[in-house]
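Those protein sequence lines, which keep their order, are chains X and W.
Straight run, no breaks: the first sequence in our numbering ends on number 321.
Straight run, no breaks: the second sequence in our numbering ends on number 1277.
Wrong hints could be hidden among the right ones.
[What the hints assert, rightly or not] Interface residues of chain X toward chain W, partial, derived using beta-carbon atoms under 7 Å:
1. Ala135
2. Val138
3. Arg141
4. Lys142
5. Met146
6. Asn152
7. Phe154
8. Pro155
9. Lys168
10. Val206
[What the hints assert, rightly or not] Think about it this way: if two alpha-carbon atoms lie no more than 30 Å apart in a straight line, the pair counts; the simulated DSSO-like pairs of lysine-lysine are:
11. Lys1273/W x Lys174/X
12. Lys1134/W x Lys188/X
13. Lys198/X x Lys1273/W
Hints were generated in silico from the structure; no laboratory data involved.
Each residue gets a CB set at the ideal place from its N, CA and C atoms; glycine is no exception.
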Amino acid sequence: MSNSINTEASTDTQTNSGQTIETDSLSTETTAGESDERIREAWRQYDFDGNAKLSVEDLNVWYGDDHALKDVSMEIPKKSVTALIGPSGCGKSTYLRCLNRMNDRIKAARIDGSVELEGTEIYDPNANLVELRKRIGMVFQSPNPFPKSIRENISYGPRKHGDINKGLLARLFGRDDTAKEGELVEHSLKQAALWDEVSDRLDDNALGLSGGQQQRLCIARCLAVDPEVILMDEPASALDPIATSKIEDLVEELSKEYTVVIVTHNMQQAARISDQTAVFLTGGELVEYDDTDKIFESPESQRVEDYITGKFG
Amino acid sequence: MSNAYATTDQLVSAESNIYDRGLDTAIALSVVGFMLGFVTLVNLVPPGASGSTLTTAFGTLLAVVVGAVGITSLASYANVVPVTSQRVRGVGLGLVVSTLALTAFATALPVTMATLLGIMLLAEALAITAAGVSSRLELVDAEPNMSAGLLSGGALGVIGLVMGAAVGGALTGFGSRLWLGGAAVAGVGLFLLTILPREDLGSTLPTAIVVGALGLTIVTGTIGVGWQWNPQTLSGGFTGGAVIPVFLLSGMLLSAWSAAKCRAGFGARGREYGAFLVINLNAFLMVAVMATIVVFVTVKGAGYAVHGLTVGALTALVLLTPALLVAVKFARTPAGTNDWNSGARQLFRVLPLAAVGALAAMFASVLVTGSPLRYVYDYTVQVNRQGKTLDTAVAVTPDTTIGTLLLTALAMVLAVAFFRSFGSLRKVGVQSERARLIRRAVPTVVLVFVMLSTLFLVLGPAPFGLPLGGTLGFAAVVGGAVAASGLVVYPLAGVLTSDEPTLADSAQREAPLFTLGVFGGLGLLLATLLLQPVAGINPQVGPVNLVPVIALGAAVASLALVALTTVAKRSSEETITRRVLAEERRLGLVGAAGFTALLGLHVAVTSTSFTVLGVSVANKGSISWPMVMEAYIPLGAEPGGIMPAIIGTVWLVIGATLFAVPLGVGAAVFLTEYAEQGRFTAVVETATNALWSTPSIVFGLFGAAFLIPRLGGDESLLTGMLVLGFMLLPLVLITSRESIKAVPDEYRDASAALGVTQWETIKSVVLPAAMPGVITGVILGVGRIAGETAPLILVLGSTLNAKAGVNVIDGFQFVSEPPFIVNDALMTASASLPTQVWAVIAAGVSGSPQMGWATAFILLMVVLTFYAVGIMARTYFRRKLNYE
Chain X
9 MSNSINTEAS
19 TDTQTNSGQT
29 IETDSLSTET
39 TAGESDERIR
49 EAWRQYDFDG
59 NAKLSVEDLN
69 VWYGDDHALK
79 DVSMEIPKKS
89 VTALIGPSGC
99 GKSTYLRCLN
109 RMNDRIKAAR
119 IDGSVELEGT
129 EIYDPNANLV
139 ELRKRIGMVF
149 QSPNPFPKSI
159 RENISYGPRK
169 HGDINKGLLA
179 RLFGRDDTAK
189 EGELVEHSLK
199 QAALWDEVSD
209 RLDDNALGLS
219 GGQQQRLCIA
229 RCLAVDPEVI
239 LMDEPASALD
249 PIATSKIEDL
259 VEELSKEYTV
269 VIVTHNMQQA
279 ARISDQTAVF
289 LTGGELVEYD
299 DTDKIFESPE
309 SQRVEDYITG
319 KFG
Chain W
394 MSNAYATTDQ
404 LVSAESNIYD
414 RGLDTAIALS
424 VVGFMLGFVT
434 LVNLVPPGAS
444 GSTLTTAFGT
454 LLAVVVGAVG
464 ITSLASYANV
474 VPVTSQRVRG
484 VGLGLVVSTL
494 ALTAFATALP
504 VTMATLLGIM
514 LLAEALAITA
524 AGVSSRLELV
534 DAEPNMSAGL
544 LSGGALGVIG
554 LVMGAAVGGA
564 LTGFGSRLWL
574 GGAAVAGVGL
584 FLLTILPRED
594 LGSTLPTAIV
604 VGALGLTIVT
614 GTIGVGWQWN
624 PQTLSGGFTG
634 GAVIPVFLLS
644 GMLLSAWSAA
654 KCRAGFGARG
664 REYGAFLVIN
674 LNAFLMVAVM
684 ATIVVFVTVK
694 GAGYAVHGLT
704 VGALTALVLL
714 TPALLVAVKF
724 ARTPAGTNDW
734 NSGARQLFRV
744 LPLAAVGALA
754 AMFASVLVTG
764 SPLRYVYDYT
774 VQVNRQGKTL
784 DTAVAVTPDT
794 TIGTLLLTAL
804 AMVLAVAFFR
814 SFGSLRKVGV
824 QSERARLIRR
834 AVPTVVLVFV
844 MLSTLFLVLG
854 PAPFGLPLGG
864 TLGFAAVVGG
874 AVAASGLVVY
884 PLAGVLTSDE
894 PTLADSAQRE
904 APLFTLGVFG
914 GLGLLLATLL
924 LQPVAGINPQ
934 VGPVNLVPVI
944 ALGAAVASLA
954 LVALTTVAKR
964 SSEETITRRV
974 LAEERRLGLV
984 GAAGFTALLG
994 LHVAVTSTSF
1004 TVLGVSVANK
1014 GSISWPMVME
1024 AYIPLGAEPG
1034 GIMPAIIGTV
1044 WLVIGATLFA
1054 VPLGVGAAVF
1064 LTEYAEQGRF
1074 TAVVETATNA
1084 LWSTPSIVFG
1094 LFGAAFLIPR
1104 LGGDESLLTG
1114 MLVLGFMLLP
1124 LVLITSRESI
1134 KAVPDEYRDA
1144 SAALGVTQWE
1154 TIKSVVLPAA
1164 MPGVITGVIL
1174 GVGRIAGETA
1184 PLILVLGSTL
1194 NAKAGVNVID
1204 GFQFVSEPPF
1214 IVNDALMTAS
1224 ASLPTQVWAV
1234 IAAGVSGSPQ
1244 MGWATAFILL
1254 MVVLTFYAVG
1264 IMARTYFRRK
1274 LNYE
């Protein structure tokens, strides 16, 4: 694995170095571009009841020399839907991928800052990536089921984690979990609202499903490892309106049990399904983060208002 | 120009006139000529043939052409494959007309093949000239360009140079250097003649001159059949037999191009058609080269290869089963929606089925009537360097010794049925308490049996010199066999003694026991069979051999199960009950097939035959094919066969593949998934490519000088495997790398997001998705190494008269000191097909050329079989990946 993460990132030094950069960016970099507006710290403060599931502090990401994400700090509340919106290339997907360390897979990426999952630093050099990604699942932009049967797609994660044992040895030692697998497959598919459509063809290849079904299968696959947080990277962008509305209903349903963070280009979608919304604008900065109603009705920032009403770029 | 463009009727209506039909015929004649060029080149019909040989040859050609065109036009007429193109229709007609004319010519006039070929070339030249001139005189509609273009000019100029040189040299002698002048004049002349006039003349006249000149030299006999030219600077020479076909091939290619241009009216469309035809002939050349090799080898070797082939009718039927399955599958594929089409297509789909059915009926008739089918023929071979006529025959006999073949087929059916209907043992005995107990016991018992077998395999039947092992083994075998029979009979007894009101109810209630009885019994008996040979036990109780009797009894019990459920199914009316019982009936059939297969396995491992109801199950099947089933008999009257060489080649390929595939795929995984793209991967890549380009003889020398001294000091099978493995390695690495790279990154991301580690991802997602590509590499590589001769001569030797094939499996022995496992068979030299061909044909070691050709034929078949196996594996994995 690439070793590009700043491994000395203890929380203290983080804050220090982070602050320096923050001052820099506030004084010099923010104003570059379309607006003279200065981002105020208060816009990004969002107060909510209860504990934060994820707390991000001073997160910076560089792809080579490109500073893709600048000093992002935000707290994501438990069992809610957080929408990340903003124009293309504003860093919201990069931000999302930082939350379960998927950016580790990009060799050129350098990440600096702190992300805590219920108080545990996930960028700790000794962090258990397997455990982290089991707790924070991810659904991608385009549906990406494995070229395997529907059943195998769902049980893939639990099998690889040793939660389900199948095969010759398991059978010989009487530890065959086929029944357990069946229950898990059924439960996950029902959670993803796909069970009724595929229950009679669980052994068919998943690539034979329609795009919307594939995406719900990917959600079910993610649910099967029993995560706490689900990250969704524009999960409905490749789908037609009917499939999209199904996914939206699903997200609302899921937020009762899980913490959902969703990236979307679709403003109406964000308004419909999310509890709070974070707006990223060009340059990888978090501009405003608040209740969804607040953001869509009376945003503090002029740029955010322009973006939401469609006047932006 | 604009005028021509505007005439829409030219674009849509394609009424053929004499000009078009004539040119279609000319094109067809070129195609026929091209084919005849091949026919004469491989000496299927020699250029000097005349009289009855010639008429027979042309009769056959006419039959082939008329048959092919006839079927196609019939299909077109029946609207199965509608042929709407005027040009295709014209060429088809032209094919028939020109073949007919040639046949008439050959029958009526006392000409030789060569003369006829020359006349064909002249006719082409005339046709092209006429077309070009009539186009220039504006007699026909055409859109010629200003010039034929520099490319055509250059090509014809080069041809002119060569021809000028040849003619000039022939007239003045090559000593005088005057031929240089001839070459220059002809080259420049043809070049100018091509580019200067308008396109219609420029692309016809020079071609006609070249083709006509080629034709004239043949017709006038300047270059005849007996012609020979041995230049002093060359050690070899040119003969008429080789030059005439080459003249024909090149001349026909040229005239086809030219005639196609004329036919499409020159211009852009003309060039399109011309290029299309030339490219098509190129592709045809590809097929033709392969077909030529296969046909040539088959013609030379097949006759000898099948000497003494005898097959029992029943065995033949079994051998036919796969073909039957394929034909049925083909015929069952839906034939589309259009009624007319589907009817006719269905006819075509059932044709293979009909053919297989006819063959099967023939074999079955032999079986019923009891009189064999024999085709007797003579074959002259060299036995101990003396010509000897071999009376030999291909025969189908009414033999009822089924042998292990039939049983293998049953075992296949068992495996397929098991996986299709059950998938696994998961649901066996969930309801019944007794069943649960047995279910837990069966795998454990089987495991114990397998471990016991391994123990016996290592320590031998009498460990530490005590007869303890034998006694223990005997007890285990007898116990296992009895338990197996008990398991099978148990559910039957359960049904019969049950107090349920109806048979259907009790059969349904005992359903879990059915499954358990069948699969448990099969497992136990299989384990017993494994134990039996390694412990050297034959549990003969009185005159009765216990294991086969139990297998047979279990098969009968399974059939009783089938009968019972059938009766119950008939009497019950509920759909669900009927469905459950149908399931159980299938289970019973699976059991019957399985136990019969185990009976066959018993016969195979213990080499004792077994007769029941007049059908004997023997270790040797009723198929006799001396060439592939016997070893060479040095001084015998019957020359025998090449079985040791076949076995040697198969082992070489298996060994090399086992060595190279894991290494190559492993390296490819490391390079694509783990290693950073950088200097190291570049070095590995260069090394791989260099390894692939290394000449095979170098591999052989390396093996002989480096490996042999370190591996026993003598030529050996193991060294052969390793050297071939080295040769296979780079190709496997390269193709695996490419196919792993082609696996979408989305799969890796998805897997990583689920918290799955990289190695698990590679193992369960990346490699399965890359499998078809990896297999393609292995197929290509195996095809290459299976016929590799040079390195094998050095490291394997060229054993010719091996008495028996290497026995690698039996060769494994466990020893009490390092390396703990030895294999003498791997350390001895072996025969192999390529080295045998080399020794017999090239080196002239004892044996006859016929035998060499037959060996080559079988080598070809072996390689093609490996190829077919590879393609099937690839198709399997592709199907698994796609949602078909």
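Structure-based check of each hint:
| no. | hint | in the structure |
| --- | --- | --- |
| 1 | Ala135 | violated (12 Å) |
| 2 | Val138 | holds (5 Å) |
| 3 | Arg141 | holds (3 Å) |
| 4 | Lys142 | holds (4 Å) |
| 5 | Met146 | holds (4 Å) |
| 6 | Asn152 | holds (4 Å) |
| 7 | Phe154 | holds (6 Å) |
| 8 | Pro155 | holds (4 Å) |
| 9 | Lys168 | holds (5 Å) |
| 10 | Val206 | violated (13 Å) |
| 11 | Lys1273/W x Lys174/X | holds (20 Å) |
| 12 | Lys1134/W x Lys188/X | violated (35 Å) |
| 13 | Lys198/X x Lys1273/W | holds (26 Å) |
Figure legend: structure checked against the earlier numbered hints; hints not met, in rising order: 1, 10 and 12.
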